[in-house]
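Respectively, the protein sequence lines represent chains Y and P.
Quick note on numbering: the first sequence equals residues 1 to 481 in our numbering.
Quick note on numbering: the second sequence equals residues 1 to 436 in our numbering.
Since the hints were derived computationally from the structure, they do not count as laboratory data.
Since the structure is predicted, the reported quantities are computational estimates derived from the model, not experimental observations.
Please note that a few of the clues may not be correct.
Within a straight-line C-alpha distance of at most 30 Å, the following computed DSS-like cross-link-like pairs (lysine-lysine) qualify [claimed, not checked]:
| hint | chain 1 | residue 1 | chain 2 | residue 2 |
| --- | --- | --- | --- | --- |
| 1 | Y | LYS413 | P | LYS292 |
| 2 | P | LYS48 | Y | LYS74 |
| 3 | Y | LYS425 | P | LYS340 |
| 4 | P | LYS43 | Y | LYS413 |
| 5 | P | LYS372 | Y | LYS425 |
| 6 | P | LYS77 | P | LYS292 |
| 7 | Y | LYS425 | P | LYS43 |
| 8 | P | LYS48 | Y | LYS413 |
Only some residues are given here: those of chain Y computed to face chain P with a beta carbon under 8 Å [what the hints assert, rightly or not]:
| hint | residue |
| --- | --- |
| 9 | TYR315 |
| 10 | LYS413 |
| 11 | ALA415 |
| 12 | GLU420 |
| 13 | SER424 |
C-beta atoms are modelled at their ideal positions from N, C-alpha and C, and glycine is treated no differently.
Single-letter residue listing:
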Amino acid sequence: MNEDLDMLEQSALNDYKYGFVTNIDTDTIPKGLNEGVITLISKKKNEPDWMLAWRLKAYAYWLKLEEPNWANIKHPPISYQDIIYYAAPKQKEQLSSLDEVDPELLKTFEKLGISLNEQKRLTGVAVDVVMDSVSIATSFKEQLSEIGVIFCSISEAIQKHPELVKKYLGSVVPMTDNYFAALNAAVFTDGSFCYIPKGVRCPMELSTYFRINAENSGQFERTLIIAEEGSYMSYLEGCTAPMRDENQLHAAVVELIAMEKAEIKYSTVQNWYPGDKEGNGGIYNFVTKRGICQGDYAKISWTQVETGSAITWKYPSVILKGDYSIGEFYSVAFTNHHQQADTGTKMIHLGKHTRSRIVAKGISAGQSQNSYRGLVRTAKGAINARNYSQCDSLLLGDKCGAHTFPYIEVKNKTAIIEHEATTSKIGEDQLFYCRQRGIDGEAAVALIVNGFAKEVMNQLPMEFAIEAQKLLAISMEGSVG
Amino acid sequence: MMNTAYFKDQFEGLADDSSADTIKELSKAAFESYNHSGLPSSKLEEWKYTNISSLFDKNYQFSKNNSEEELSYTSLKALNLPGQNEANVLYFIDGRFMPDLSKIRSSEKELVILPLEKAAAGPYQKIVKEHLGSSSKYLKDGLHALNTAFIQEAVFIYLPKGQQLEIPLYLHHVTHATKENILSQPRSLIYLAENSNLQLVETYTTLGSMDSFNNEVIEIVLEEHAFLAYYKLQNDGPNAAQVSSTHIHQIGKSYVQSLTISLNGGVIRNNLNLVLDAPGNETHLYGLSLLKGNSHVDHHTLVDNKQPNCFSNQLYKGIASDTATAIFSGRIIVQPDAQKTNAYQSSKNIILSDQATIDAKPQLEIFADDVKCSHGCTVGQLDEEAMFYLRARGIPLKSAESLLLQAFSSDVLTQIKLEPLRKHVEQLISAHLASS
Numbered sequence: 001m002n003e004d005l006d007m008l009e010q011s012a013l014n015d016y017k018y019g020f021v022t023n024i025d026t027d028t029i030p031k032g033l034n035e036g037v038i039t040l041i042s043k044k045k046n047e048p049d050w051m052l053a054w055r056l057k058a059y060a061y062w063l064k065l066e067e068p069n070w071a072n073i074k075h076p077p078i079s080y081q082d083i084i085y086y087a088a089p090k091q092k093e094q095l096s097s098l099d100e101v102d103p104e105l106l107k108t109f110e111k112l113g114i115s116l117n118e119q120k121r122l123t124g125v126a127v128d129v130v131m132d133s134v135s136i137a138t139s140f141k142e143q144l145s146e147i148g149v150i151f152c153s154i155s156e157a158i159q160k161h162p163e164l165v166k167k168y169l170g171s172v173v174p175m176t177d178n179y180f181a182a183l184n185a186a187v188f189t190d191g192s193f194c195y196i197p198k199g200v201r202c203p204m205e206l207s208t209y210f211r212i213n214a215e216n217s218g219q220f221e222r223t224l225i226i227a228e229e230g231s232y233m234s235y236l237e238g239c240t241a242p243m244r245d246e247n248q249l250h251a252a253v254v255e256l257i258a259m260e261k262a263e264i265k266y267s268t269v270q271n272w273y274p275g276d277k278e279g280n281g282g283i284y285n286f287v288t289k290r291g292i293c294q295g296d297y298a299k300i301s302w303t304q305v306e307t308g309s310a311i312t313w314k315y316p317s318v319i320l321k322g323d324y325s326i327g328e329f330y331s332v333a334f335t336n337h338h339q340q341a342d343t344g345t346k347m348i349h350l351g352k353h354t355r356s357r358i359v360a361k362g363i364s365a366g367q368s369q370n371s372y373r374g375l376v377r378t379a380k381g382a383i384n385a386r387n388y389s390q391c392d393s394l395l396l397g398d399k400c401g402a403h404t405f406p407y408i409e410v411k412n413k414t415a416i417i418e419h420e421a422t423t424s425k426i427g428e429d430q431l432f433y434c435r436q437r438g439i440d441g442e443a444a445v446a447l448i449v450n451g452f453a454k455e456v457m458n459q460l461p462m463e464f465a466i467e468a469q470k471l472l473a474i475s476m477e478g479s480v481g
Numbered sequence: 001m002m003n004t005a006y007f008k009d010q011f012e013g014l015a016d017d018s019s020a021d022t023i024k025e026l027s028k029a030a031f032e033s034y035n036h037s038g039l040p041s042s043k044l045e046e047w048k049y050t051n052i053s054s055l056f057d058k059n060y061q062f063s064k065n066n067s068e069e070e071l072s073y074t075s076l077k078a079l080n081l082p083g084q085n086e087a088n089v090l091y092f093i094d095g096r097f098m099p100d101l102s103k104i105r106s107s108e109k110e111l112v113i114l115p116l117e118k119a120a121a122g123p124y125q126k127i128v129k130e131h132l133g134s135s136s137k138y139l140k141d142g143l144h145a146l147n148t149a150f151i152q153e154a155v156f157i158y159l160p161k162g163q164q165l166e167i168p169l170y171l172h173h174v175t176h177a178t179k180e181n182i183l184s185q186p187r188s189l190i191y192l193a194e195n196s197n198l199q200l201v202e203t204y205t206t207l208g209s210m211d212s213f214n215n216e217v218i219e220i221v222l223e224e225h226a227f228l229a230y231y232k233l234q235n236d237g238p239n240a241a242q243v244s245s246t247h248i249h250q251i252g253k254s255y256v257q258s259l260t261i262s263l264n265g266g267v268i269r270n271n272l273n274l275v276l277d278a279p280g281n282e283t284h285l286y287g288l289s290l291l292k293g294n295s296h297v298d299h300h301t302l303v304d305n306k307q308p309n310c311f312s313n314q315l316y317k318g319i320a321s322d323t324a325t326a327i328f329s330g331r332i333i334v335q336p337d338a339q340k341t342n343a344y345q346s347s348k349n350i351i352l353s354d355q356a357t358i359d360a361k362p363q364l365e366i367f368a369d370d371v372k373c374s375h376g377c378t379v380g381q382l383d384e385e386a387m388f389y390l391r392a393r394g395i396p397l398k399s400a401e402s403l404l405l406q407a408f409s410s411d412v413l414t415q416i417k418l419e420p421l422r423k424h425v426e427q428l429i430s431a432h433l434a435s436s
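Pulled out of the complex, with its shape left as it was, chain Y reads as follows (with noise of 0.2 Å):
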């Protein structure tokens, strides 16, 4: 008995290990939403006026809009007039290097296991990293500048490279998309920016970085990857906020584009506060993710591993436009105490010959509601397009629940689409086998659900699907009683 009481002692100490807050002096404009507001950001980012038009034209259309209500989910109303829509930390002008970067924002990322330095040196893998609103550094950007890839703060590509983000954003999310698409695109503040040029392959994992860190603040980026005929990509994301009892609002949008034989592979580890145990606090975490594959032969594959926020409510979708395209989406869903999640995705088959694959595992502990929602639509002209689905959920505990929402829609007769999926706990006899060798009960789910979860686990890059099981691992702590 004492033993479990300490264990759950640990545990919630355990649960969420990113929670501190960084005491830096923060240039934040007040709360609420209106068009000063947005004129402000988009002076205090120097953007050009062709970009505060389109922010401009974008809230008046969110304006119009009501706010969805369809997905499986139950949150109080979100007041848009008390959330800071821009929070920078206060820093020096223009960074010209990592060392100018503020200490104890660097402390911060070092607690949080991305000292860029260090990552810089050993594992080679270029950050760039979004606190609250603002990008605060981009690591490894002269060798990537070398071979023609511009990886950069979405803030830096509007001046720099306005031919670029003028042809390309919106065009995969356009802000006429939904509601919170709408709401991104008048207030996004920052984000990143990806540019391969043709037939480059990218040689080391992009990541960025997002962190909430001020108080009543929303983070809005906007992510946008561009790979040119015949390139390759993998990126990385992850995320975490502090501790707070009030709901924070994460409204991101990214968009991809894939041209000709081009392959994109991002992969995502969520972890926003996901509240209490009681189910206070935590983030709202409303995302809109697209890739379209423009051209023929090109490849675009998410990955996420979603641990975090207080409710999730994201589905990753592919365009397959270019015959022979190929979509991929790999998920887990953890959600445990209060959390909510409805994640799913959307392969949309317009060209010939194209396939698309869908993996994702659900684990629902606590008093959580986890619900798989998908789309796979098959055109008129999608000669043998090809889907295969899989959904699986566990439940760990009584009071949460699973929940499957798939739809199909095929108009094509070569087309060949399965779906399947299966919800139960974990099997007795699994649990005994464990037992009976001496493994305690906990570590028997923890092995259990990491089985359940590893077909997508392989997928992420190597580094990261370590984090990401330690991640599950935390999670689940104290969920098996």
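We have chain Y already, so just place chain P on it with the hints.
Just chain P now, kept in the frame of chain Y:
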């Protein structure tokens, strides 16, 4: 839409002599609910793939009370399915139950058939009060409310305790759309007492070339150890639209087998709800859509597991050619108390033309942990190798196709336990495949 005003007129003009207060109250509330929600549009999630409101661009009439004059028992007999002449048959003309035309071969001790108003006023008052309208909790759309608002000349069917009815009971719906577009709204309440056994067959015929719309609601209640086999055969004309809602409530440990065969028709929507409200219920749902032309069939199932140890299995198969649309939308809910539930669902589809559409939406909503639930869905074509095997043996393309499609249908068809009905359906399918 002209219909709204028309419905209002008709509702206000309803004769006030409907004897039972239960029914009166129910229909009043339902009409308010209809006024509130209107006809379901395709914007509603539950009606995403079937647009009913566009059918109401034209005007439908409720039938006048005189159409049975033109239909005698002999003329109805000509419409009978094989085996129907030896069975109990209830006729519904334009949605109104016709006791005089109907033929009950079982004795009153074995099978009680009453007009619903009489049952509500008489000895079955308690049952009617408790179960009539219980489907409204699950079907909240305006169309369902519209049926309840106009409960008139409905039927009450009761199987007394221990009655193992050997001959089946047919509900034959005839719509008389010779002069105008007809909206018919049949309504039945069927109660199977302990240890009783019923084989129920439903079929539909539209006469005349005008449009018909059949908005049907059946509520079935099963007590402990009751057994129900429920067959629905939809083989009507392209001018016949239908929304058929069947709500089965298993209040005792009982067994249900349901089988829906959809061959022809206009826009068809089948709502089939199973509420498993006692431990150990068992339910098997089968469906086959074999569609050509412009048919549109939407199978919409809901299995609500409320108690532990229940078992349900669903197998729905769809074949769509020409410009037909076959839809399967299944929903399994496992409530927190329904531990040890086993619920399976499978939807298999073959698409034969680029103008045809298959939509599927198999959903699981699970709130209990000790369960085994799965669903599977496939959309594909005829197996090329199987085709080659047959063609290599000199079987012409058409016959080979037809052979494979019959094989595809057979695991649903073999579940028809009524011999004459199964033979009839098999013949219909052969003819159907040969003509396409």
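Now the hints, each set against the structure:
no.	hint	in the structure
1	LYS413/Y x LYS292/P	holds, 14 Å
2	LYS48/P x LYS74/Y	holds, 22 Å
3	LYS425/Y x LYS340/P	holds, 11 Å
4	LYS43/P x LYS413/Y	holds, 27 Å
5	LYS372/P x LYS425/Y	holds, 8 Å
6	LYS77/P x LYS292/P	holds, 28 Å
7	LYS425/Y x LYS43/P	violated, 35 Å
8	LYS48/P x LYS413/Y	holds, 22 Å
9	TYR315	violated, 16 Å
10	LYS413	holds, 5 Å
11	ALA415	holds, 6 Å
12	GLU420	holds, 5 Å
13	SER424	holds, 5 Å
This entry does not satisfy hints 7 and 9, going by the numbered hints stated previously.
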